[in-house]
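Protein chains: 2
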Amino acid sequence: MASSGQIGVVIVGCGTVGGATAQILTQQADELAKRIGVSMPLRAIVDVDFTHAKELGLDEKLFCTDLDAAIAREDVQIVVELVGGTTIAKKIVAQAIAADKHVVTANKALLAHHGVELLSAARRRGTVVAFEASCAGAIPIISALTGELACDQIDAMYGIVNGTCNYILTAMTEQGSTYADALSVAQSQGLAEADPTLDVTGVDSAHKLTIMADLAFRRRTRFEKIYVEGIDKLEVQDINYGKELGYVIKLLAIARRQGDALSLRVHPAFISRRHPLAWVSGPFNAVSIYGENSGHTMYYGRGAGDRPTAAAVVGDVASVAIGNSQQKFQTLNIWPDRHADADLLNIKAVRCRYYIRLQAEDHPGVFAKVANILGDHDISISSVLQHEPHTETDESVPMVITTYEALESNVRTALNKMNRLDVIKQPCVCIRMVAEHPEKTGTRLNADC
Amino acid sequence: MASSGQIGVVIVGCGTVGGATAQILTQQADELAKRIGVSMPLRAIVDVDFTHAKELGLDEKLFCTDLDAAIAREDVQIVVELVGGTTIAKKIVAQAIAADKHVVTANKALLAHHGVELLSAARRRGTVVAFEASCAGAIPIISALTGELACDQIDAMYGIVNGTCNYILTAMTEQGSTYADALSVAQSQGLAEADPTLDVTGVDSAHKLTIMADLAFRRRTRFEKIYVEGIDKLEVQDINYGKELGYVIKLLAIARRQGDALSLRVHPAFISRRHPLAWVSGPFNAVSIYGENSGHTMYYGRGAGDRPTAAAVVGDVASVAIGNSQQKFQTLNIWPDRHADADLLNIKAVRCRYYIRLQAEDHPGVFAKVANILGDHDISISSVLQHEPHTETDESVPMVITTYEALESNVRTALNKMNRLDVIKQPCVCIRMVAEHPEKTGTRLNADC
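Each protein sequence line maps, in turn, to chains A and B. Residue numbering for the first sequence follows my numbering, beginning at 522 and increasing consecutively. Residue numbering for the second sequence follows my numbering, beginning at 522 and increasing consecutively.
Worth double-checking, as some hints may not be accurate.
Any copy will do: because identical chains look the same in the list, a pair fits if it lies in one copy or spans two.
[What the hints assert, rightly or not] With a straight-line cut-off of 20 angstroms between C-alpha atoms, the simulated DMTMM-like cross-links for lysine to aspartate or glutamate are: (1) LYS555 / ASP781; (2) LYS961 / GLU552; (3) LYS555 / ASP676.
To be clear, the hints were calculated from the coordinates, so they are not data collected in a lab.
Given the sequences, and given the hints that come with them, work out the whole structure.
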């Protein structure tokens, strides 16, 4: 597209990211055109409410309420959808594609639910849907998955892709805050929404996991089938016991091969404090990828925020403007509209390590009962941690057990049996542990090329 | 180029990386063609010695000693230069360009010394030189700098880009090894060369810094003008004092704006243990980039090794095969052959924090003398660390001072004066400290798009 000189852009939705994108495209227009070699003029900002746009000092001549007219403009080649949600946004994207426009979007929910349909439509019309900003904000993870990693066989992917959850977990870990307190601080700092449900239940992470896993494994992964568990039930005492054992808790979005099937899941997990993901703190995001040739690579940055997300949107606009996105979309065979459904593993068939906390009466024989149940279900104990009671009247003391890799269905059955023991005073707490993924690639440096 | 169906490849140089590249292109050929949508057949491997190629079980029909004939083949579109060095390699790349072939190379020394000349030649012939593998192995840092980051104003870049040095420093930090012991373990494990000079003196890091900084700052940065200091003089006691103060030592390749000029330098530096770069251990590499819009992003992975580096080479071959590299090279205005020289700051004009260790006689008034000299040169003390002497006969005790940001030329003058004091028994040790770079971007998450 570079040859046409100017690539006109319309932004639909002027919220936090839309506003920042409009600012970059207008205030940095000359500098951008110099760098990219193509001018990408913003032709219009479509919204129904321009309060935020006015606060940002955006040029009022750009304000437009007529979506149809804006999309239909002949001097517009790219429609940037930043409305969010899955209903109006879907209509806008479909309409833009039908009008032969390229689409840039940051909308992970839309792509997780309707990505295949929209990509197919774009393919039929010869346009492209670019969505770097939909996953992990400023981190160029889509670019990595559709670049060098597209040439590699990917074995596994572990992502911290929700800044709100990571901020909360970091506060619980470093300051010992309760979940409720950490959430309320996050909300007061604009790092969590008034209704944080989508974030803290893990749904937002699952949206992003679907998008990334589709590209990484070249299969349709279906959002509805992803196992999702949030952070809203976590207790500080478990985070502290984990710390004592050398682990850090993170909400992980995991996609990994297990035999011929794929395991896709979002849940809190203890990871070794030596793993790079353990260091990702506050609102930052990171994605670790294990490739057959490339080995372990990790991508780190701000997963949200106005300008970091807008940076990814502008990057996509530029990639479409010079034609890179189109070449990747038309040539590479990694897009989900070109592939069949993945064979997804049920969570019960997953093999994992487990952290189990029991609140048991301090009587002789308790540990033997628990150990028997675990042994009967093929679950080997890796470590046990039990502190002396604080006072003589402490009748119920927490006992923490970590296991070697075991089958989830066995662990669930064992937990049910343990919870029915009369010496167990509260339901056992069980948190998955994720071991360092083995790299398949060599570690030898090149003596010379 | 995708339309022509097949993109033929010749590999020149079958060492560690060349061999692994040949293995991937042949053994994974079908899978690669399926993913990329273009077939990239390996036509020939050019070398003078095929011992390694035979060990790898590569097809002997590919072996070829006639470079001219291989480059001239009509069914070859890409020449992969993996010979290394700056003389024969330069001739090979120039010859390939003159024959209208695209070039993929992992050769950082070649690009640091002759990059502009070779890129200019490629531009004149309408071909491209792709060099992802030249910097930080499997980490797609060139892709990031020529992708989303090309749309951003980059403020600073901090890289750990030499795996040998990072392995040695990690061993010194974690096991308390001396430099000599850590180097010899690295050599025995194939993680350092028999002659480690290029690595441990920082020259290899400076090669990579030139290449990355050229793209990040859109200026020619001239390798010869980079200030370079290696790790070969570091002592374990300083690493330990740094640890006590909350810092980790790394060999950093730094490029940052300071006013209108650029500061480019490679030297050991103490960084806060809270900075993500502090966690990069063993032979891993990472590059932290601070963009005006994107904020802090970091890219982590194996900086060398046969398959990780080959993964980057193959990624470039694919990018050329689908035409992405050409579009970026022809359209973007970030390539050094299109820009004037950068205004590089002399190291003496750099402002930095400093760690200073003095071996002083334990007499009254010593600290006052030192503090006076520092004060006279506009150097403020941030912290002081002095342990009690171990025995009563310990007459000379180490005193560690950290400073606030000061001008390097002032620090050098002050050190000279301190070294001339009669109570100072050995030359003072001075190590730069790198503070967490301030992010200019906001941290507010997007409530909605």
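These are the hints, each one checked on the structure:
1. Within a single copy, LYS555 and ASP781 get their C-alpha atoms only as close as 48 angstroms, which misses the 20 angstroms cut-off; across copies the closest is 19 angstroms, which meets it.
2. Taking the closest pair of Cα atoms, LYS961 and GLU552 come within 20 angstroms of each other only across two copies (18 angstroms); inside a single copy the shortest separation is 43 angstroms, beyond that limit.
3. Proximity of LYS555 and ASP676 under a CA criterion of 20 angstroms is satisfied inter-copy only: 18 angstroms between copies versus 40 angstroms inside one chain copy.
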